[in-house]
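Starting from the given sequences, assemble the full structure and let the hints guide the process.
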Amino acid sequence: MPATERFTTTGKPIRHDSAHLHVTGKAHYTDDIPLPANTLHIAFGTSRIAHGHIAALDLSAVVSAPGVVRVFTAADVPGDNNYSPAHDDPIFADDLVQYIGQPIFAVAATSYEAARRAAQRAGIDYSPLPAILDIRSALVAESYVLPSKTLRRGNPEQALAQAERRLQGSIEMGGQDHFYLEGQVAVAIPQDHGGVLVHSSTQHPSEIQHMVGRALGKQAHDVVIQCRRMGGGFGGKESQPALFACAAAIVATATGRPAKLRIDRDTDMIMTGKRHDFLAEYDVGFDANGRIQALDLMLASRCGYSADLSAPVNDRAMFHADNAYYLEHVNIVSHRCKTHTVSNTAFRGFGGPQGMMAIEAVIDDIARHLGKDPLTVRRLNYYGIDERNVTPYGMPIEDNILNLITDQLVSSSDYLARRQAIAKFNAQSPVVKRGIALTPLKFGISFTATQFNQAGALIHVYTDGTILLNHGGTEMGQGLFTKVAQVVASEFGLPLAKVRVSATDTSKVPNTSATAASSGSDLNGKAAQAAAVAIRERLIAFASDYYNVPADAVCFHDGNVTIGRQTISFTELVQQAYHARISLSSTGYYRTPKIHYDQTTLTGRPFLYFAYGAAVTEVAIDTLTGEHRMLRVDVLHDVGQSINPALDIGQIEGGFLQGAGWLTCEELWWDSKGELKTHAPSTYKIPAIGDWPSDARIRLLQDSPNRENTIFRSKAVGEPPFMLAYSVFYALRDAVGAAAGPAAATALQAPATPEAVLRALMACETSAEPGEAAEVAV
Amino acid sequence: MATPNHTVRFVLDEEIVTVRNIEPTTTLLQYLRQSLGRTGTKEGCAEGDCGACTVVVGELDGDRIDYQAVNACIRFLPTLDGKEVVTVESLAEGEALHPVQQAMVDKHGSQCGFCTPGFVMSLLDVYLKHEQITAAAITEHLSGNLCRCTGYRPIIDAGRGLAAYPDPPRWHRAEPHNPARIQRLRSIRPRRGGAKRRVLCPDLTGCARHNLCG
Ligand code: FES
Ligand code: FES
Numbered sequence: 000m001p002a003t004e005r006f007t008t009t010g011k012p013i014r015h016d017s018a019h020l021h022v023t024g025k026a027h028y029t030d031d032i033p034l035p036a037n038t039l040h041i042a043f044g045t046s047r048i049a050h051g052h053i054a055a056l057d058l059s060a061v062v063s064a065p066g067v068v069r070v071f072t073a074a075d076v077p078g079d080n081n082y083s084p085a086h087d088d089p090i091f092a093d094d095l096v097q098y099i100g101q102p103i104f105a106v107a108a109t110s111y112e113a114a115r116r117a118a119q120r121a122g123i124d125y126s127p128l129p130a131i132l133d134i135r136s137a138l139v140a141e142s143y144v145l146p147s148k149t150l151r152r153g154n155p156e157q158a159l160a161q162a163e164r165r166l167q168g169s170i171e172m173g174g175q176d177h178f179y180l181e182g183q184v185a186v187a188i189p190q191d192h193g194g195v196l197v198h199s200s201t202q203h204p205s206e207i208q209h210m211v212g213r214a215l216g217k218q219a220h221d222v223v224i225q226c227r228r229m230g231g232g233f234g235g236k237e238s239q240p241a242l243f244a245c246a247a248a249i250v251a252t253a254t255g256r257p258a259k260l261r262i263d264r265d266t267d268m269i270m271t272g273k274r275h276d277f278l279a280e281y282d283v284g285f286d287a288n289g290r291i292q293a294l295d296l297m298l299a300s301r302c303g304y305s306a307d308l309s310a311p312v313n314d315r316a317m318f319h320a321d322n323a324y325y326l327e328h329v330n331i332v333s334h335r336c337k338t339h340t341v342s343n344t345a346f347r348g349f350g351g352p353q354g355m356m357a358i359e360a361v362i363d364d365i366a367r368h369l370g371k372d373p374l375t376v377r378r379l380n381y382y383g384i385d386e387r388n389v390t391p392y393g394m395p396i397e398d399n400i401l402n403l404i405t406d407q408l409v410s411s412s413d414y415l416a417r418r419q420a421i422a423k424f425n426a427q428s429p430v431v432k433r434g435i436a437l438t439p440l441k442f443g444i445s446f447t448a449t450q451f452n453q454a455g456a457l458i459h460v461y462t463d464g465t466i467l468l469n470h471g472g473t474e475m476g477q478g479l480f481t482k483v484a485q486v487v488a489s490e491f492g493l494p495l496a497k498v499r500v501s502a503t504d505t506s507k508v509p510n511t512s513a514t515a516a517s518s519g520s521d522l523n524g525k526a527a528q529a530a531a532v533a534i535r536e537r538l539i540a541f542a543s544d545y546y547n548v549p550a551d552a553v554c555f556h557d558g559n560v561t562i563g564r565q566t567i568s569f570t571e572l573v574q575q576a577y578h579a580r581i582s583l584s585s586t587g588y589y590r591t592p593k594i595h596y597d598q599t600t601l602t603g604r605p606f607l608y609f610a611y612g613a614a615v616t617e618v619a620i621d622t623l624t625g626e627h628r629m630l631r632v633d634v635l636h637d638v639g640q641s642i643n644p645a646l647d648i649g650q651i652e653g654g655f656l657q658g659a660g661w662l663t664c665e666e667l668w669w670d671s672k673g674e675l676k677t678h679a680p681s682t683y684k685i686p687a688i689g690d691w692p693s694d695a696r697i698r699l700l701q702d703s704p705n706r707e708n709t710i711f712r713s714k715a716v717g718e719p720p721f722m723l724a725y726s727v728f729y730a731l732r733d734a735v736g737a738a739a740g741p742a743a744a745t746a747l748q749a750p751a752t753p754e755a756v757l758r759a760l761m762a763c764e765t766s767a768e769p770g771e772a773a774e775v776a777v
Numbered sequence: 000m001a002t003p004n005h006t007v008r009f010v011l012d013e014e015i016v017t018v019r020n021i022e023p024t025t026t027l028l029q030y031l032r033q034s035l036g037r038t039g040t041k042e043g044c045a046e047g048d049c050g051a052c053t054v055v056v057g058e059l060d061g062d063r064i065d066y067q068a069v070n071a072c073i074r075f076l077p078t079l080d081g082k083e084v085v086t087v088e089s090l091a092e093g094e095a096l097h098p099v100q101q102a103m104v105d106k107h108g109s110q111c112g113f114c115t116p117g118f119v120m121s122l123l124d125v126y127l128k129h130e131q132i133t134a135a136a137i138t139e140h141l142s143g144n145l146c147r148c149t150g151y152r153p154i155i156d157a158g159r160g161l162a163a164y165p166d167p168p169r170w171h172r173a174e175p176h177n178p179a180r181i182q183r184l185r186s187i188r189p190r191r192g193g194a195k196r197r198v199l200c201p202d203l204t205g206c207a208r209h210n211l212c213g
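Chains as they are written, first to last, in numbering that gives the first Met the number 0: chain A, 0 to 777; chain B, 0 to 213.
Keep in mind that the hints were calculated from the coordinates and are not lab data. Treat the hints with care, since some could be wrong.
Stated by the list, open to error - Straight line, CA to CA, 30 Å or less: simulated DSSO-like cross-link-like pairs of lysine-lysine: (1) B:128 / A:25; (2) A:684 / B:128; (3) A:25 / A:11; (4) A:507 / A:497.
Unchecked claim - Simulated coverage check for chain A against chain B, where a stretch passes if three residues somewhere in it have a Cβ under 8 Å from a Cβ of chain B: (5) 10-22; (6) 174-180; (7) 489-501; (8) 591-598.
As the list claims (entries may be wrong) - Label pairs and their in silico Cβ distance ranges: (9) A:462 / B:34: 41 to 47 Å; (10) B:73 / A:142: 47 to 53 Å; (11) B:172 / A:557: 57 to 63 Å.
All of these numbers come straight from a predicted model, not from anything done at the bench. The beta carbon of each residue, even a glycine, is placed where N, CA and C say it ideally should be.
Have a look at this one:
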C-alpha cells in the first residue's frame, strides 16, 4: 500500500490559513508589531531634483526639530552605503542625486509625526545636471544602465527582404505602480551581540539579510530577517525593501533602540521602483494569410537610474517576445535605458508581460492590416507540436496545450457567434461600439538565473503530534503558506490543523531565493515535501521494526497510522518513536531539474515548463468620451493539477484585474522636471470593485496535470494570469477599429485610458469606415 | 477648533472612552492604532481614497442610531465627541465570527488581508442598512475600498451571500434601535451648542448634517 493516502488535503478549496485573522483584524503585519516605548521612528529626506550634485546640505534645523534624536547621512553608514546586489543603489545619496525622491538623509525621532515634520526642514542646495526622463530621449542619448542584448535565430534580414508582405509599427506601454495595500516598512531591533533582528515586509529575506549585514559592516550571521506576512508584494517587495531595512538597522544599531521605518503612500509611490515602461518597434514579414516569416523587434525599457533587477527583467521580456507564436527568423534587440527616474524593478510577470504585449501588437496589427479576425492570425502562428516548436532561445516546447485551451474557450465563450452579434450591434449603434478579443498566453516557469531555483524547508514534529513548518518562501497573500501546509499534511495523512507554518526567518532556513517568478509553491512545496518524507521514512522504519511488519504495511491516513493489522494515532506513533530516540525534525531541500541557460548566447532551457491560459473579453466603448467597460470575460487557465482550486482561482482573478489595470486605467505621469505627479490613489487609479465585470466566467483547465514532476503535478499561478488581460486591451482595439477603422485600432497604446481611446479615435478620424467587420475566424 | 484641553468622549465596544489633551488634528486612525493599540484598522493611503482604514461611526438621530462607514484616516478625533465607533475588532463574539466576517472567510475574500478589515467594515455598513443585498448595493457601498489582490469577485460574493447567515449576537440589524446603545450615546451627548461650534464645519454654519460638525 502507499505510504500515505495522498490528496487528503491537496486538491481541495481550503481557505487561506490566515483568513480568520484577516477578517478579525488580528493578523499582524510589520506595522502592527507591538514595540517598546523607546522605539525610534524614521523618515527620509529626499532629493527634490532629478539629476544633479548636492552643493550644500544643511541639516541643523532638522537636528534641532522637536523630538529628533539623531540624523543620519552617507557618512553615518558603518559599512557599505548600498542596498542592492548590483551595487549601484546608495542608501543615502552622497553628492550625486539621480531621481526625485532619492534618499539623502534619515532622521530618527521619538514619533512618526516628529520624524516626518523634521525631515522637511533640511536646507539642500543643488547644482542641477541635465536629466534624461523617458525612453526615447535615452535611446537618442544612448543612455543605458546595462549593455544592450540581442537574441537571434535564422536569417531575419533575408527573410524580411523576401517576405510576401511587410509591416512596420510600434507600441508603447506604460509602467505600473505595485500599489500593494501595505506600504514599505521595516522594524529593526538591536541584539545584545551587536547584531540586529529586522522585521521586514519582504519577498526576499535572504537578500535583505546580506544587504543589512554589509551596510552595518557585519556578517550574515549577525543579522536575522523575519517576515510573517506582507500586505501584498507583486514584485515590489523583492529588492525594494532592502533600503528600508538597511536604514532601520543603521539607526537601531547606532542608537541601541528599536527603530521603525514606515513610509506613507505618497512617499512609497515616489521612492520605490515600478514596472518598466516599454517601447517596442518592429519590422515584420508575413504571408498573405498572416503567418509570420520574419521579425525584427526592438524592445527598449525605462530602467531608471540604477540596474536593480533590470537585467533579468529585460531578459525575460526577450524570452517572452514569442508568447505563443513560432518565430523562425527573428532578431530581438533589448535596450536597458538609463533615466533619471526611480529605478524600476520586479513586478508580476517580470518583463514577460511587456515582451508578450509586443508580439501581441504585431499579430493584431497584421490581422487588421489584412482585414482578418486577429484570432485567425493568432492561431496560424501558434507553436506546433512536432514542428515549429522551438523557441528563439532554443528550447523545444514539450507541453504545448495552446490549441486545446483555445478550442475549449472558443466554444465555451461562444466566440464566433458573439463576434457576429457584435458586428450587428455595431452597425446599428453609432456612439457605443463593442469589441471582442481572444488572447492566449504561454509563460515560462523558473528563475532565469539558474542558481535561484533551489529551496529549503525545516519541519519539526512535536511529541503531541503537531507539526511546525518553516520554509524559505514568503506569504504575500498568494496562499503559499496554505499550499505548503497542505503538502505537508498530505504527506503525513494529517488534518491541516495539525500543521502550523511559522514566519519566514533567515535563521531557520538559510540562503533562500526570493518568493518570485511564480515559483513559491513549486520550490518550497517540494522542499517541504522532502523534509516531511524524510521524517515519515524514519517513522516507517521505526514502526516496521517495532511492530515487526514490512515497511510497505505502514500507512499514514486521517491522523492515524495503520501498521499491519492495527491502527494507532499519529501522536501515539510519534511518542513511541521519541522514546526510541528517533529524530523528529528534518530539513528538506529541492533544486529544479533539467534547467540550464547560457548567459552569453541567451540559449538553453531556462524554464522547466510553461503555464498556459487564454481569455476572451468583450468590451464596450463610448466613442464620445472614450470611456469603456468590460461586458463579459471568459477565462480558461492551466494550473496543472491544482493543489488548491480556491487559491488558484483567486490568483487568476486578481492577476487578470491587475493586468487590466495596467493596460486600461493605471497611468503614471511625470512632469517635465521628472517629478511623479500620480503618487496617490486620488490620481493613480487602480481597478475598483465596479471594474470587475458583471459577467465573468473563470475556469481552471481540467485533467491537465503538469507533464513535469512538480509538486503534485501542479503549475505555478502567481504571474501567468496577469497576461490574460491582453484580451481586454485587444478587445478595446477591436471596438476602436469598429468605430474608426483599422488604423485607429492599431493607434491605441497602453494604458488604454479613456483619453488614449479618444486619441486613437481622433488620430484616424478621416479613415473611419463605420460598420466594417473583421473576417471571422475559422 | 477643539482646544488641546478639550475632552472628547466616544463609545467603543460598549465602553465610554474619554480622551483629554489631544492634538485636535489627531486622526481617529492614529488614535486607534497608536494610543489604543487597535491595529486591526489599517492605513493604506492616509488620505481617504483606499478604504483600508474604514470603521463604522454611529450617531444619534432622534430615537435611533445612524451608522455610517467612515475613513478613519481623515476623520479628526475631536469630531467623534458624543459618537460611537465600531472597528473590525468589535464584531466577533469570542471565536464566533460576524456574518460579514464569516462570509469573507467562506468566499475566500481575503488574500494578503490588508484591505480586509476595511472591506469587513464597509460590508457591516451594507449589512446594517439592507435586508436584501443586491450587487448594486455592494458596488455602491464598497466603491471606496481598494483591493489589489482579489479582483473583488469573492468580496462581491461574500456580500451577496450575507442573507444566508443567521443573525449574530452583536451588530445585527436591530442595533440602530438598541435601547442600551442609544442610552449610552445620550449619556455622552455634547452640550447643546458648545462642542458643536468649536469644530469646523465646511459650510461654516455649525449645521448638524456634516460629519465634521460635532
Ligand atoms: S487609509 Fe486609505 S482611506 Fe484611509
Ligand atoms: S487582499 Fe490584498 S489588498 Fe485585498
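Results for each hint:
1. B:128 / A:25: holds, 26 Å
2. A:684 / B:128: holds, 28 Å
3. A:25 / A:11: Holds, at roughly 25 Å.
4. A:507 / A:497: holds, 20 Å
5. 10-22: Since three or more residues must qualify, the claim that chain B covers the region 10-22 of chain A holds, with 9 doing so at under 8 Å.
6. 174-180: holds (count 4)
7. 489-501: Our answer is that it is violated, as 0 residues pass the Cβ test (under 8 Å) against chain B, missing three.
8. 591-598: violated (count 0)
9. A:462 / B:34: 41 to 47 Å: With a Cβ separation near 43 Å, residue 462 (chain A) and residue 34 (chain B) satisfy 41 to 47 Å, so the hint holds.
10. B:73 / A:142: 47 to 53 Å: Since residue 73 (chain B) and residue 142 (chain A) have Cβ atoms about 42 Å apart, the given range 47 to 53 Å is violated.
11. B:172 / A:557: 57 to 63 Å: violated, 41 Å
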